[in-house]
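**Student:** Here is how the chains run, residue by residue.
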Amino acid sequence: MGHFDRTLAYISDLQQADTPGAICEKLLDVTSAFGLTALMAGTVPQPGTPKGKQKDHVLLCDWPIEWLERYVARNYVDHDPIVSRMKQLQAPFQWRDAANEVKADRDGEVVMGDAGQFKLKDGLAFPLVTLDGQIVMVSLGGEQIEMSGLEFGMISLVSGYAIGRAMQLHAGTERTIDHVELTPRELECLKWASAGKSEWEISQILGISEHTSEKHLLNAKTKLGAVNRVQAVAEAIRRGYI
Amino acid sequence: MLYALTTEELMQRPDLWEAVHRLRHSIFVEEMGWSDLHRDDGLEIDQFDHEEAVHHIVIRDGEVAGYQRMLPTTRPHLLTEVLTDLYVGDPPSGPDVWELTRYAVARDYRDGRRGVSTVGTELIAGFVEWGLPRGINKVIIEFEPMWVLRALQLHFLARPLGYQRTYGRQQVVATLLTFNESTLDVVRTRRAHHAPVLSRGYPDLLGQRQAS
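Chains as they are written, first to last, in this note's numbering: chain A, 43 to 284; chain B, 265 to 476.
If you are wondering where the hints come from, they were derived from the structure by calculation, not from laboratory data. Since the model is a prediction, treat every value here as computed from it, not as a measurement. Treat the hints with care, since some could be wrong.
Derived, one-sided and incomplete: chain B residues facing chain A with beta-carbon distance under 8 Å [unchecked claim]: (1) L274; (2) P278; (3) V352; (4) R378; (5) V380; (6) L413; (7) R414; (8) L416; (9) Q428; (10) G432; (11) Q435; (12) V437.
Here are the in silico distance ranges between beta carbons for each label pair [stated by the list, open to error]: (13) B:N444 <-> A:T254: 45 to 51 Å; (14) B:G432 <-> A:Q88: 17 to 23 Å; (15) B:G306 <-> A:R138: 41 to 47 Å.
These stretches of chain B come out as covered by chain A in the derived footprint (C-beta under 8 Å, 3 or more residues) [unchecked claim]: (16) 401-412; (17) 418-424.
Yeah, the Cβ is synthetic: ideal placement off N, Cα and C, and Gly gets one too.
Using the sequences and the hints, build the whole thing.
**Tutor:** See below:
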């Protein structure tokens with residue numbers, strides 16, 4: 043199969059994904075071969091958007107959960123050099139270029155330095171503009187990335203289709219108000235999971251068996267259409283359930 | 265309203281013909297810098313303005329506010345003659361596939377926003393509405409990659425025909441968009457305008473504002 047045929051196969055596969063979790067998984071399957079192992083895509087919050095509201099802007103997220111929490115808690119979105127560069131509506135670029143540009147900005151350096159601790163050392167990013175003029179930022183990162191010009195083009199093309207699919211699903215949920223019904227126990231387990239607790243720790247906190255806490259998290263994961271625990275937590279946060 | 269005119273019909277209306285080619289020059293040559301198309305008379309015309317081309321013209325307040333040109337793929341078109349590095353393999357062609365070129369919204373009708381203006385979405389509603397009854401359900405468009413997202417938002421089925429290339433400051437990717445009645449529904453819903461946009465006959469003489 044030729045290079046472009048493979049790209050077409052990735053795209054048609056992505057267009058059949060029916061949850062944000064499945065889109066993340068399929069896209070990262072493609073990009074991880076080039077070292078891009080983490081993904082964040084969402085609309086740009088206005089500077090000073092309250093922390094609680096920032097998560098509503100997330101479309102696709104597969105960031106390490108601790109990094110996501112820190113990013114929101116410390117309001118990094120207002121200082122992130124990648125975000126400022128995307129707001130200028132640049133063509134796809136590499137993180138390291140944006141980081142070099144804003145060397146003078148201390149806050150920007152802090153964000154990039156912190157990202158490095160989570161093995162997000164370099165990546166690529168690009169903005170897209172929706173029909174109604176919203177900017178969607180797409181950022182893919184990893185510890186060490188390596189790709190040719192052709193592969194760079196392939197990744198940005200495939201990512202565009204991934205975001206398009208995510209927007210279709212997002213619009214669909216707006217129309218039909220796709221509300222996932224989580225039980226109080228499932229919510230409780232997700233909250234503790236988002237605080238970094240293991241299944242055993244959660245079982246001790248809630249006075250249930252480890253098997254039961256495991257089951258609650260598994261159910262929540264299925265209902266939220268997530269592929270793993272991290273994504274279930276991210277999805278629950280995105281939907282504002284926890 | 266949107267008017268679909270053949271080249272011959274357009275030429276029977278010199279005011280409209282000139283306004284169309286002037287708009288094309290001002291946008292593609294002066295604004296986007298496609299200097300190959302420059303002409304001293306300020307009218308942009310190329311070899312594809314042939315007798316089988318169909319010109320879609322959006323008229324607002326007695327002015328040309330938007331434009332796109334539809335070309336049959338059963339004869340040479342932009343992708344096969346000019347933008348040949350934008351496709352891999354055999355490009356799609358046939359009576360059900362047309363190529364959409366020179367998509368343009370006049371400066372005064374861009375609503376001052378980053379998004380797609382109402383004239384812009386009228387052009388989109390227009391080609392879907394024009395195509396369906398004619399057995400045309402696919403268009404090839406060479407556009408900036410961010411249009412992929414917008415096409416998907418409007419529930420077109422999209423497929424790239426090749427990788428994107430950089431022309432000057434612009435990135436372009438050739439894409440095949442497939443549509444049906446439900447695409448038209450989504451486009452109309454997004455515009456909050458359900459009445460047909462395609463109009464029969466000719467627009468009034470330009471500069472004649474309709475009394476409101």
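**Student:** In terms of beta carbon proximity below 8 Å, does the segment 418-424 of chain B have 3 or more residues touching chain A?
**Tutor:** Satisfied; 6 residues make the cut.
**Student:** Min Cβ distance, L274 (chain B) to chain A: is it shorter than 8 Å?
**Tutor:** 29 Å, violated
**Student:** For the hint on Q435 (chain B), does the least C-beta distance to chain A fall short of 8 Å?
**Tutor:** 6 Å, holds
**Student:** With respect to the beta-carbon atoms only, verify the hint that G432 (chain B) and Q88 (chain A) lie 17 to 23 Å apart.
**Tutor:** 32 Å, violated
**Student:** Against chain A, does the segment 401-412 of chain B show at least 3 residues with beta-carbon separation below 8 Å?
**Tutor:** holds (count 3)
**Student:** Minimum Cβ distance from P278 (chain B) to chain A below 8 Å?
**Tutor:** 35 Å, violated
**Student:** Are G432 (chain B) and chain A close enough, Cβ to Cβ, to be under 8 Å, as the hint says?
**Tutor:** 12 Å, violated
**Student:** Have a go at the L413 (chain B) hint: is there a Cβ in chain A nearer than 8 Å to its own Cβ?
**Tutor:** 5 Å, holds
**Student:** Would you settle whether the hint for R414 (chain B) is holds or violated, based on the nearest Cβ-Cβ distance to chain A being less than 8 Å?
**Tutor:** 5 Å, holds
**Student:** How about R378 (chain B): closest beta carbon in chain A under 8 Å, or not?
**Tutor:** It holds, given that the least Cβ distance between R378 (chain B) and chain A is near 4 Å, below 8 Å.
**Student:** With a cut-off of 8 Å on the beta carbons, see whether L416 (chain B) makes it to chain A.
**Tutor:** Hint on L416 (chain B): holds, closest Cβ of chain A at ~3 Å, below 8 Å.
**Student:** Take the shortest C-beta to C-beta distance between V352 (chain B) and chain A; is it under 8 Å?
**Tutor:** 4 Å, holds
When the structure is compared with the earlier hints, violations turn up for hints 1, 2, 10 and 14 and for no others.
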